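Chains A and B supply the protein sequences, listed in that same order. Residue numbers for the first sequence, in numbering that gives the first Met the number 0: 0 to 280. Residue numbers for the second sequence, in numbering that gives the first Met the number 0: 0 to 310.
Hints may be right or wrong, so weigh each one.
Stated by the list, open to error - With a straight-line cut-off of 27 Å between C-alpha atoms, the simulated DSSO-like cross-links for lysine-lysine are:
1. B:234 / B:310
2. A:198 / B:83
3. A:106 / B:96
4. B:225 / A:106
5. B:234 / B:171
6. A:106 / B:171
7. A:54 / B:18
8. B:18 / B:3
Unchecked claim - A few chain B positions that, by computed beta-carbon distances, are all more than 10 Å from chain A:
9. 15
10. 20
11. 48
12. 82
13. 113
14. 148
15. 168
16. 215
17. 225
18. 298
Treat the hints as calculated values from the structure; they're not laboratory data. Since the model is a prediction, treat every value here as computed from it, not as a measurement. Glycine residues also receive a C-beta, built at the ideal position from the N, C-alpha and C atoms.
One-letter residues, chain by chain:
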Amino acid sequence: MTRPDPAALRRLAVELRQVILRTIAKAGSGHPGGSLSMVELLVGLYWYILRHDPKRPDWPERDVFLLSKGHGCPTLYTVLAFQGYFPREELTTLRQYPTRLQGHPEKGSPPGVEMASGSLGQGLSMANGIALADRLDGRRRRIFCLLGDGEIQEGQIWEAAMTAHHHALESVCAIVDANQLQQNGPVKHIQDIEPLADKWRAFGWEAKEIDGHDIVQVMDAYDWAAAVRGRPQVVVARTVKGKGVSFMELNPAWHGVAPKPDELEKALKELEVAAHDIAPR
Amino acid sequence: MPDKATRDGFGEGLLELGKTNPNVVALSGDLEDSARAIWFKKEFPDRFFSVGIAEQDMVGTAAGLAMAGKIPFACSFSQFVTGKALEQMRMAVCYQKLNVKIVGSHGGLSVGADGATAEALEEFAHLRSLPHMTVIAPCDALEAKKATLAAAVYPGPVYLRLGRAPVPPLTKPDDPFEIGKANLLREGTDVTLIACGVMVAQALQAAELLTKDEISACVLNLHTIKPLDKGAILKAARQTGAIVTAEEHTVLGGLGSAVAEVVVQEHPVPMRLVGVMDRFGTSGDPAVLLKAFHLMPEDIAKAARDVIRLK
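Pulled out of the complex, with its shape left as it was, chain A reads as follows (with noise of 0.2 Å):
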């Protein structure tokens, strides 16, 4: 597969934190930190993984993705709106009613959207059920599914890890943006979850650790998941909560709460300036 050119995506990755922080300031409500910690493991899979046709969001070939950790629609809808799935002008309707843009995702809406989330937990079984419905019909396609770290926290997770392995599904392909903040504070405070690759290995999953803003990294992590046989792959994403605005990354205050008119003016700058610093065009 021809890789795109990184510089290229890591302008890309900047001007969606842009978007993603002015479409949340704009709802006036909703979660940047972890909408900012997954922006290049999104890029990674829209731009250069996975196999999707925006023009037809129910190609029954597609490879799917699905966003268990529902709070960071935001960036989903972001990159959706980006690939053509729906026009751009539509973002600013986030959260407000009547949109097609809901607070935690509904399956389909807007187009591209492939499952609901938002309660935590539930979204490495329903990839499950995808890839044993496609094993069935010889459907030779690719789930990933994104999850939070401190998601990883419901039982649910591990149950379906457990399936996923004693299936031996290896069309599936988790992600775990391990942005090391959950709302309430750390996750090693709240509720420990390391050894986080380790605990996954010992569920019979084949791990890769990486630096979740790296695109290079994500991409090759995705190549690395693309060539294991026999069993289901977890990426494990070492990211940081609010990444690349500063007053935002890793403080909890930014869980779930948007941006006021100034600040968003100072992130965006901030974002500004790192985008020059990136290699020229």
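Given chain A's structure and the hints, the job is docking chain B onto it.
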């Protein structure tokens, strides 16, 4: 015809679906023997998925199978699947309007000896409050088989409530079965007895008892608790002017509540609700428990005599 449990009727229906509909698949959390999905499992091992004792993951996995076009029947004890996986049914199944069929065996007191923790008495209330959900409690094995076949071609989420204990056959092969359409089992003019599941047999016996008091009781088999057959309920209310409901379930939020919601708003008539009175089940022989919990024909007949006095 010998007595037969509704779970057996389901097992036969699922097996038949295995032969006729290649999209039907089944899942179970180590209760496929109890829920009779094991007959399907033996015949169609590739289309049966064991998920371990993990009801939440089972329902989520079923949702995924439905997302990819399958018609999954997820089977467990009523209590465990509807209790533990209620949130999964809400978001993954109902909110997404998926074609998932949840099968709960061992519903109600007739579980018997296993006691309160296995006796589902609240799930009608839980499930009928979920948008898009369909709730069915068949009265005998044949109706359970028909309900299973009907569920497979009925779009969207369906819950089937089955029992462990054998029950007498009440329906015949050519009796109609349509989801959402109540079956009139006995005509009457003084009171209507509306029941589902094992209580249909009790209601028919109650109607017989009432003839001794020269009371003519109409009996309605309301096998589908949601969507409710409002037409049949209102017709009964108008024609008999009094209603007794009977269910092997708490009176809080179940069949009786569903009927009352229609009656009080559209044609108020006196009502009595026969069911479990806000308490847990207990261990014992199913027949003994039905007596101890006042779910006998005599209890329904007494409620009928009481309600007629209020007309």
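Structure-based check of all given hints:
1. Only pairs whose Cα atoms come within 27 Å are accepted, and residue 234 of chain B paired with residue 310 of chain B is accepted, the gap being roughly 16 Å.
2. Of the pairs offered as hints, the one joining residue 198 of chain A and residue 83 of chain B holds, with about 24 Å between alpha carbons and a cut-off of 27 Å not exceeded.
3. A C-alpha spacing of about 9 Å is found between residue 106 of chain A and residue 96 of chain B, which places the hinted pair at or below 27 Å, so the restraint holds.
4. A threshold of 27 Å between alpha carbons decides the hint, and for residue 225 of chain B with residue 106 of chain A the separation of about 24 Å falls inside it, so the pair holds.
5. Taken as a hint, the residue 234 of chain B and residue 171 of chain B pair is honoured in the structure, with Cα atoms around 24 Å apart against an allowance of 27 Å.
6. Restraint check: the Cα-Cα separation between residue 106 of chain A and residue 171 of chain B comes to about 42 Å, which exceeds 27 Å; the hinted pair is violated.
7. Distance check on the hinted pair: residue 54 of chain A and residue 18 of chain B sit about 37 Å apart at the alpha-carbon level, beyond 27 Å; violated.
8. With a C-alpha separation of about 23 Å, the suggested pair residue 18 of chain B and residue 3 of chain B falls inside the 27 Å cut-off, and the hint holds.
9. The claim that residue 15 of chain B is not at the interface with chain A holds, since no C-beta of that chain comes within 10 Å of its own (minimum 19 Å).
10. The beta carbon of residue 20 of chain B sits about 13 Å from the closest Cβ of chain A, which is more than 10 Å, so the claim that it is off the interface holds.
11. With 10 Å as the threshold on Cβ separation, the claim that residue 48 of chain B sits away from chain A is violated: the shortest Cβ distance comes to roughly 6 Å.
12. Against chain A, the non-interface label of residue 82 of chain B holds: every CB pair exceeds 10 Å, the least being about 14 Å.
13. Every beta carbon of chain A lies more than 10 Å from that of residue 113 of chain B, the smallest distance being close to 23 Å; the non-interface claim holds.
14. The Cβ of residue 148 of chain B lies farther than 10 Å from every Cβ of chain A, with a closest approach of about 21 Å, so its non-interface assignment holds.
15. Listed as outside the interface, residue 168 of chain B is consistent with that label: its C-beta sits roughly 36 Å from the nearest C-beta of chain A, beyond the 10 Å cut-off.
16. Look at residue 215 of chain B: its CB is around 50 Å from the nearest CB on chain A, clear of 10 Å, so calling it non-interface holds up.
17. For residue 225 of chain B, the requirement that its beta carbon stay farther than 10 Å from each beta carbon of chain A is met, with the minimum near 21 Å.
18. Every beta carbon of chain A lies more than 10 Å from that of residue 298 of chain B, the smallest distance being close to 40 Å; the non-interface claim holds.
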